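Q: As a plain string of letters, each chain reads:
2 protein chains.
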Amino acid sequence: MKAPMRVPLDGLPSQVTIYEVGPRDGLQNESTIVPVEVKAEFITRLAATGLTTIEATSFVHPEWVPQLADAERLLEVLPRAEGVRYPVLVPNERGLDRALAYGVTEIAVFGSATETFARRNLNRTVEESLAMFAPVVDRARTEGLAVRGYLSMCFGDPWEGEVPIGQVVSVATSLLDLGCTELSLGDTIGVGTPGQVTALIEALVAAGVSTERIAVHFHETYGQALANTLAALQCGVRTVDASAGGLGGCPYAESATGNLATEDLVWMLNGLGVDTGVDLTGLVETSRWMAARLGRPSPSRVVQALTPAEPEGARHD
Amino acid sequence: MKAPMRVPLDGLPSQVTIYEVGPRDGLQNESTIVPVEVKAEFITRLAATGLTTIEATSFVHPEWVPQLADAERLLEVLPRAEGVRYPVLVPNERGLDRALAYGVTEIAVFGSATETFARRNLNRTVEESLAMFAPVVDRARTEGLAVRGYLSMCFGDPWEGEVPIGQVVSVATSLLDLGCTELSLGDTIGVGTPGQVTALIEALVAAGVSTERIAVHFHETYGQALANTLAALQCGVRTVDASAGGLGGCPYAESATGNLATEDLVWMLNGLGVDTGVDLTGLVETSRWMAARLGRPSPSRVVQALTPAEPEGARHD
Chain V
1 MKAPMRVPLD GLPSQVTIYE VGPRDGLQNE STIVPVEVKA EFITRLAATG LTTIEATSFV
61 HPEWVPQLAD AERLLEVLPR AEGVRYPVLV PNERGLDRAL AYGVTEIAVF GSATETFARR
121 NLNRTVEESL AMFAPVVDRA RTEGLAVRGY LSMCFGDPWE GEVPIGQVVS VATSLLDLGC
181 TELSLGDTIG VGTPGQVTAL IEALVAAGVS TERIAVHFHE TYGQALANTL AALQCGVRTV
241 DASAGGLGGC PYAESATGNL ATEDLVWMLN GLGVDTGVDL TGLVETSRWM AARLGRPSPS
301 RVVQALTPAE PEGARHD
Chain F
1 MKAPMRVPLD GLPSQVTIYE VGPRDGLQNE STIVPVEVKA EFITRLAATG LTTIEATSFV
61 HPEWVPQLAD AERLLEVLPR AEGVRYPVLV PNERGLDRAL AYGVTEIAVF GSATETFARR
121 NLNRTVEESL AMFAPVVDRA RTEGLAVRGY LSMCFGDPWE GEVPIGQVVS VATSLLDLGC
181 TELSLGDTIG VGTPGQVTAL IEALVAAGVS TERIAVHFHE TYGQALANTL AALQCGVRTV
241 DASAGGLGGC PYAESATGNL ATEDLVWMLN GLGVDTGVDL TGLVETSRWM AARLGRPSPS
301 RVVQALTPAE PEGARHD
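Heads up: the sequence lines are chains V and F, in that order. Taking the UniProt record's numbering, I'd label the letters of the first sequence as residues 1 to 317. Taking the UniProt record's numbering, I'd label the letters of the second sequence as residues 1 to 317.
Don't read these hints as lab results, they were simulated from the structure. Model, not experiment: these values are computed from the prediction.
Here are a few chain F residues that face chain V, going by a calculated C-beta distance under 7 angstroms: (1) Met5; (2) Gly161; (3) Glu162; (4) Thr198; (5) Tyr222; (6) Met268.
Derived DEER-like restraints, expressed as beta-carbon distance ranges: (7) V:Glu160 with F:Ala203: 43 to 53 angstroms; (8) F:Thr44 with V:Pro158: 25 to 35 angstroms; (9) F:Ala3 with V:Arg296: 22 to 32 angstroms; (10) F:Ile33 with V:Thr116: 47 to 57 angstroms; (11) F:Arg141 with V:Gly11: 34 to 44 angstroms; (12) V:Arg6 with F:Ser170: 18 to 28 angstroms; (13) F:Ile33 with V:Gly161: 41 to 51 angstroms.
Covered stretches of chain F (in silico footprint by chain V; criterion: 3 or more residues with CB under 8 angstroms from a CB of chain V, positions within the stretch not fixed): (14) 188-197; (15) 228-237; (16) 270-280; (17) 294-304.
Glycine included, every Cβ here is placed at the ideal spot set by N, Cα and C.
Kindly produce the complete structure, drawing on both the sequences and the hints.
A: Structure, rendered in structure tokens:
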């Protein structure tokens with residue numbers, strides 16, 4: 001079967017926006033530098049499948065993430081499809097300057113729900129990182145840009161362990177108070193389960209946050225991403241982050257599991273009759289094409305299932 | 001983190017029985033014959049983790065499933081742990097004779113919701129297969145045995161495509177009418193999604209079937225197993241089939257994905273505060289031990305995540 005039977009489930013939204021993170025979050029840990037032309041073609045192919053929001057790259061310091069050191073060049077060569085948003089990650093005011101110079105209309109900042117990860121990833125306390133974002137968000141909004149606030153480690157932290165829901169709500173509402181237009185709740189290490197997802201979203205709603213401003217960002221590290229997504233949809237969330245082909249796992253493990261694969265998400269949403277506008281067949285083809293560029297199979301189960309068996313080492317061109 | 005944060009979700013059962021299928025369903029497609037002593041140790045280790053229902057083997061004809069040709073020998077050497085059920089698959093009356101001779105107290109028959117799979121797997125129509133099961137179930141019940149009725153292809157069929165829910169309900173209720181004490185709804189090719197799961201269970205309940213008699217059996221082929229399990233639990237189902245380490249995929253693919261991995265299920269249920277009685281650490285150790293016996297890594301994401309990185313070819317003994 002190439003498609004699931006369509007049987008809606010009560011209480012779900014009729015339409016979901018997939019926020020595609022493959023070109024940025026998916027590629028950023030790749031040790032082999034992907035040529036800028038390949039990145040541009042990857043994004044163009046993704047847009048052709050019907051994805052309307054594709055995070056293109058990041059203006060972090062090139063030394064931090066060598067894979068994304070070509071951000072300017074990518075924005076120069078990338079053809080823009082009509083109706084498609086191409087947000088860019090921006091860590092600070094200098095990053096915003098660069099983004100504005102290249103005509104970016106939507107940015108994202110990357111915060112942490114825990115002190116340890118804020119220290120390790122941003123070299124700041126949570127409070128200091130919010131202070132760093134404040135002028136970025138403020139100026140971006142003044143310039144008319146949409147601003148997404150990523151919040152990582154919302155469901156657990158590798159150093160701190162459990163993360164209290166109240167702590168997540170506190171940082172999340174601070175990000176929104178700065179002016180962020182959307183909040184992406186990240187399960188960076190993939191440990192969360194559906195009750196925790198529901199409790200966090202309900203706590204945010206109780207704090208006055210509309211589900212329209214909440215996105216969820218799950219990882220497959222413990223296989224929980226799709227069950228957690230279902231729980232989020234049942235709470236009314238309508239934006240889900242995913243990575244084409246499941247890009248974003250550890251590039252050294254054959255069984256790499258990283259971001260929720262866009263294909264696995266689209267399969268579920270197609271079955272549920274939830275509209276995404278995405279052509280699954282084209283998306284699978286795109287992920288197989290990208291997997292061939294990276295030299296290893298996609299960890300997406302849908303991509304694997306819909307890829308015919310063939311001799312080892314065969315390319316998918 | 002070695003465990004998820006515990007946050008219950010409203011409307012779920014407080015306790016779930018895991019029906020462990022690894023030793024039978026998980027191993028049956030393995031081309032390399034696993035020695036009977038290894039199978040006995042695998043089952044014994046699984047019982048030691050707290051699993052209370054472990055399908056041990058099958059009395060199908062040895063030519064059909066060479067891996068399980070040692071069924072009698074396994075039942076001779078297998079130490080039984082107190083409070084643990086060891087059901088055995090039985091295809092026909094001759095299989096039942098063999099099972100009774102070896103003191104089996106619980107059997108399972110294996111039906112199909114579709115004509116094509118009934119023909120291919122049982123060489124019979126659905127009607128004829130039910131007629132074949134009738135005397136088996138009848139005699140087993142007379143002998144005081146519990147009888148599980150597996151129903152495969154409930155959510156899609158590789159030859160027929162979509163399977164109407166009414167058709168599944170019809171065969172399912174026929175199985176129960178024969179005297180089956182439990183029904184296991186199988187998504188043999190892994191294509192189902194949560195709305196379909198909910199609709200099928202609700203249709204069965206509407207037909208008079210108690211959720212206490214319904215088990216679900218999902219595969220990870222399209223990555224949907226855990227989301228589907230969540231939907232089933234939300235309908236009140238309290239028995240979930242799973243395979244330790246995710247055994248049961250195609251043994252020729254490194255990225256094999258077969259049955260829902262027991263570890264991935266236990267992680268979610270631990271997070272949800274749903275009691276299973278299973279020690280996850282011991283279960284992961286058991287699956288790593290078995291993976292070393294089979295010579296390839298477990299496809300379970302929890303097993304992968306909780307297994308420290310080490311040199312290639314290392315054994316986990």
